[in-house]
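K.L.:
Numbering (mature numbering (1 follows the signal peptide of the UniProt record, and there is no 0)), first residue to last: -39 to -1, 1 to 243.
These are calculated hints, taken from the structure and not from any lab test. Note that the structure is a prediction, hence the values are computed from the model and not measured. Cβ coordinates follow ideal geometry from the N, Cα and C atoms, glycine included. All the given hints hold, so there is nothing to weed out.
EDC-like cross-link-like pairs, simulated, lysine to aspartate or glutamate; straight-line CA separation at most 16 Å:
1) Lys80 / Glu170
2) Lys62 / Asp83
3) Lys148 / Asp218
4) Lys69 / Asp225
5) Lys154 / Asp218
6) Lys69 / Glu172
7) Lys80 / Glu172
8) Lys148 / Asp177
9) Lys148 / Glu172
10) Lys21 / Asp10
11) Lys17 / Asp28
12) Lys221 / Asp152
Pair by pair, the computed Cβ-Cβ distance ranges are:
13) Glu170 / Asp56: 30 to 40 Å
14) Asn65 / Arg88: 20 to 30 Å
15) Thr92 / Arg47: 15 to 25 Å
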Amino acid sequence: MKLQQRTRSKRSSSSPSTFCLASLLLLLLLALYSQSSFAQEVEDEREFDYIRGSQKGPSKWGELKKDWEACKTGQLQSPIDMSDQRVKLLNRSLDINRSYKPANAIVKNRGHDISLQWKGSDAGSIRINGTEYLLQQCHWHSPSEHTVNGRSYDMELHMVHLNPETNGIAVVGVLYKAGSPDHFLSKLIQDIKSIEHDEMDKNKKKEIEKEMGVMDPREIKIGGKKYYRYIGSLTVPPCTEGVVWTMSRKIRTVSRDQIKALRDAVHDNKMPGQFSNSIREK
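All chains, full assembly: derive it from the sequences and hints.
P.N.:
Rendered as structure tokens:
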């Protein structure tokens, strides 16, 4: 981006205040550009699907956009099985510290998932090996994306965190099997049903959302004294690598009604697991 300046006979005549004003304007423009780029990235996530054989399906993600090439050529792609050699089993207390707090949030149907997004990065953070990541949102996949010894589970929760200084991403994942209802999801289930996929089609909207007021992420039960840790990627385009994954070893429960509500809202949104060469399943 070039800023055009009016030529003057005496360049030295520009006052310091004029220079400061121009600098401030440039900073504001850069800030606005960054925000619009982030918003565009979110919209781009709607330009794919999970349908096998589809021209926008997982095996084609890396061909849809240049910025998505990692989806096809990346070597540290997610999801994977927890028996993969990249995965380490660790004690939770060694390097992870959660410090969440209640904050205003919205629930959103993005077409490929249901997400709960906290406003203004006010929902607290997680600290991993001394690095702080701010909680941004959580979303659900059904069935699960990650597997344990080849077994897939009924649901998977992802809590997505961002380090604003490095743009580093950390995701905490929880696997669920059918059983007793999940307490946190129970608070959202009626709202999720109100923004399901068919409602989106009827209203001809790309995504719909609903204000939830204050939601407390501390009510999300993770539990367990051990967890799996590996370096992977986002499981949706642009499939950015370098993501710090922390998967709870403890399997929690979710009711069949809750599973059905999530699946009805967006249909199957499971990303196929990765082969050893990290090329997406065809």
